[in-house]
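Chemist: Model the placement of chain B on the given structure of chain A, informed by the hints.
Residue numbers (our numbering), protein chains in the order written: chain A, 1 to 69; chain B, 1 to 395.
If you are wondering where the hints come from, they were derived from the structure by calculation, not from laboratory data. A couple of the hints might just be wrong.
[Said to hold, decoys possible] Derived pair list, reagent style PhoX-like, types lysine-lysine, alpha-carbon separation capped at 25 angstroms:
| # | chain 1 | residue 1 | chain 2 | residue 2 |
| --- | --- | --- | --- | --- |
| 1 | B | Lys214 | B | Lys184 |
| 2 | B | Lys380 | B | Lys278 |
| 3 | B | Lys214 | B | Lys312 |
| 4 | A | Lys3 | B | Lys214 |
| 5 | B | Lys349 | B | Lys339 |
| 6 | B | Lys278 | B | Lys175 |
| 7 | A | Lys27 | B | Lys312 |
| 8 | B | Lys312 | B | Lys380 |
| 9 | B | Lys184 | A | Lys3 |
| 10 | B | Lys349 | A | Lys27 |
[Stated by the list, open to error] Beyond 10 angstroms from chain A on every Cβ pair, some chain B residues (computed):
| # | residue |
| --- | --- |
| 11 | Lys68 |
| 12 | Ser70 |
| 13 | Val234 |
| 14 | Gly297 |
| 15 | Trp365 |
| 16 | Asn388 |
Glycine is no exception: its CB is placed at the ideal position from the N, C-alpha and C atoms.
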Amino acid sequence: MLKVFVLLALAILFSSCAAVKPWEREKLADPIMIFNENPIDAGIQEHFIEHREGAAGATGAQSGGCGCG
Amino acid sequence: MLREQPARKVGAVVVDKNWFFTLLFVLCLPGLIIAQDVPQNEIQANMSGYADNFGVVVLYPNFSITRKVSDGTSFNGRFLVDAVSAASTKSRFEVDGVTSATSRENGGADNTPDDLRFQFGGGVNHNFGDRTAVLNLLYSTEHDYTSTTITGNFIQPLAQNNTIVQVGFVRSMDKVFPQTRFWKRDLNVTTATFQITQNLTPRTVVQAIYSHTKNSGHLSDNYQVVTVPTTTDVVYMEPIHPNSRIRRAAATRLNYHIFTRSSVQLGYRYYWDDWEVKGHTISTLFQTYIRDESIIGVGIRTHQQSKAEFFKKSYTIDDELRTVDPKLDGASAVDLQLKLSFPKFPFVKWLPANENLKYQFALNWYRRETDSADWHSRLKTLYAYNFNFGVRYHY
Numbered sequence: 001m002l003k004v005f006v007l008l009a010l011a012i013l014f015s016s017c018a019a020v021k022p023w024e025r026e027k028l029a030d031p032i033m034i035f036n037e038n039p040i041d042a043g044i045q046e047h048f049i050e051h052r053e054g055a056a057g058a059t060g061a062q063s064g065g066c067g068c069g
Numbered sequence: 001m002l003r004e005q006p007a008r009k010v011g012a013v014v015v016d017k018n019w020f021f022t023l024l025f026v027l028c029l030p031g032l033i034i035a036q037d038v039p040q041n042e043i044q045a046n047m048s049g050y051a052d053n054f055g056v057v058v059l060y061p062n063f064s065i066t067r068k069v070s071d072g073t074s075f076n077g078r079f080l081v082d083a084v085s086a087a088s089t090k091s092r093f094e095v096d097g098v099t100s101a102t103s104r105e106n107g108g109a110d111n112t113p114d115d116l117r118f119q120f121g122g123g124v125n126h127n128f129g130d131r132t133a134v135l136n137l138l139y140s141t142e143h144d145y146t147s148t149t150i151t152g153n154f155i156q157p158l159a160q161n162n163t164i165v166q167v168g169f170v171r172s173m174d175k176v177f178p179q180t181r182f183w184k185r186d187l188n189v190t191t192a193t194f195q196i197t198q199n200l201t202p203r204t205v206v207q208a209i210y211s212h213t214k215n216s217g218h219l220s221d222n223y224q225v226v227t228v229p230t231t232t233d234v235v236y237m238e239p240i241h242p243n244s245r246i247r248r249a250a251a252t253r254l255n256y257h258i259f260t261r262s263s264v265q266l267g268y269r270y271y272w273d274d275w276e277v278k279g280h281t282i283s284t285l286f287q288t289y290i291r292d293e294s295i296i297g298v299g300i301r302t303h304q305q306s307k308a309e310f311f312k313k314s315y316t317i318d319d320e321l322r323t324v325d326p327k328l329d330g331a332s333a334v335d336l337q338l339k340l341s342f343p344k345f346p347f348v349k350w351l352p353a354n355e356n357l358k359y360q361f362a363l364n365w366y367r368r369e370t371d372s373a374d375w376h377s378r379l380k381t382l383y384a385y386n387f388n389f390g391v392r393y394h395y
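So that you can see chain A by itself, here it is in the shape it has in the complex (with noise of 0.2 angstroms):
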């Protein structure tokens, strides 16, 4: 899984080469394209779920202050 996820992560930097230029942004400026826009938000629901399911990283969202289970 992590050979997987290496590779997909040189190929999103390689992409780079076909780079959007900044009058291109404005569709991507859009407050609908940002992931996690609420920060706060975000870390309250990946709080939520980190107590419910085994799982838990990668969200992109940062939660804390309480290290249950």
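Modeler: Below, chain B without anything else, positioned relative to chain A:
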């Protein structure tokens, strides 16, 4: 803590070398770098809540403020209170000083909050030329434990801001203060994260995230009770989990702008750990503008996981490891989300409305089905509701 692991056994240490050379390579790319913006002045206040069919109710009002003090620096502070009735689960043992909700007095089993958790946080975002460093500190306290979390992130934009590389580190230290029992049951959690976000096309952005976490210390939940049948009777025993856990997760997400003002987000995460829990999570979120600057979002998330290797439907008194924690059982879950964000509150004229203000509302309906019945409620299916209502004000 990560360095203590033998390189052959812990893949992330080997991969860390790859990360290092990859990072070295990309950080050396000249002339492609544009500075990131630090967070703007904002005040946010939320009232959040959780309730489930296992009888747990949590209310957690929270407040945060961000202040940009210069072009390249902003500070933030936050405060959160958890009022938890989770401890109304009556334990058979004198549960004292564990890092989960515990009753301030023995027993519980009523509808009043059994535990209050206060969380304070603060942090700084600072631009060092084109790079951004983020440092945050969280301090959380209950009557019988404290938790300190330090997070650090380093963000490097590349390729005319089309690529964002982020390296993160989180260290969480929980300390317990037993009042009637004499045990040392601290818990440390260390997480390293690597993240790349890439603009693929004028309408598409993708992200890949890898996280590696080491938990060490007391990892059982002593509120839980393992019932062990014997030939003549039953014995009630405390759970015993291993005292370390290596957790890994790799995820990828894609966000695509469709139609005039809508987006579809798709995500997949694979999780695996050395307790043999493996999980697949798929999520999707559709967001669209309904009028003016009002946004509605509808999401669905599914999760499936296998059980931990030491999770069993029944135990003998000779078992070295015991658990009844539903999080460690085989399970499938679905989470439906509805979120709204709007600058003007409909039907309520007296609430303030302006371009800097945003009201937000989110409701989640969550269903989890485990392979075995829960140790306390005797139910296999958990239904939970999570809500949030708040305001964000840019000043």
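Chemist: All the hints need checking, so say for each whether the structure fits it.
Modeler: Tested hints:
At most 25 angstroms may separate the alpha-carbon atoms for a hinted pair to count; Lys214(B) and Lys184(B) meet this at roughly 19 angstroms. As the CA atoms of Lys380(B) and Lys278(B) are separated by approximately 20 angstroms, the hinted pair is consistent with the 25 angstroms bound. At roughly 24 angstroms between alpha-carbon atoms, Lys214(B) and Lys312(B) fall within 25 angstroms of each other, so this suggested pair holds. Among the hinted pairs, Lys3(A) with Lys214(B) is consistent with the structure: their alpha-carbon atoms are about 20 angstroms apart, no more than 25 angstroms.
For the suggested pair Lys349(B) and Lys339(B), the alpha carbons sit about 22 angstroms apart, so the restraint of at most 25 angstroms is met. Of the pairs offered as hints, the one joining Lys278(B) and Lys175(B) is violated, with about 29 angstroms between alpha carbons and a cut-off of 25 angstroms exceeded. Annotation: proposed proximity of Lys27(A) to Lys312(B) is violated, straight-line Cα distance about 51 angstroms (limit 25 angstroms). Of the supplied pair hints, the one linking Lys312(B) and Lys380(B) holds, its CA atoms being roughly 15 angstroms apart against a limit of 25 angstroms.
Proximity of Lys184(B) to Lys3(A) is assessed by CA-CA distance (about 39 angstroms); at most 25 angstroms being required, the pair is judged violated. Annotation: proposed proximity of Lys349(B) to Lys27(A) is violated, straight-line Cα distance about 32 angstroms (limit 25 angstroms). Every C-beta of chain A lies more than 10 angstroms from that of Lys68(B), the closest at about 16 angstroms, which supports listing it as non-interface. Distance check on Ser70(B): its Cβ is at least 21 angstroms (rounded) from any Cβ of chain A, clearing the 10 angstroms threshold; non-interface status holds.
With a minimum CB-CB distance of about 24 angstroms to chain A, Val234(B) clears the 10 angstroms threshold, and the non-interface call stands. With 10 angstroms as the threshold on Cβ separation, the claim that Gly297(B) sits away from chain A is violated: the shortest Cβ distance comes to roughly 8 angstroms. At roughly 12 angstroms from the closest C-beta of chain A, the C-beta of Trp365(B) stays outside 10 angstroms, upholding its exclusion from the interface. Under the 10 angstroms C-beta cut-off, the non-interface status given to Asn388(B) relative to chain A is violated; the minimum distance is some 6 angstroms.
In summary, the numbered hints that this structure violates are 6, 7, 9, 10, 14 and 16.
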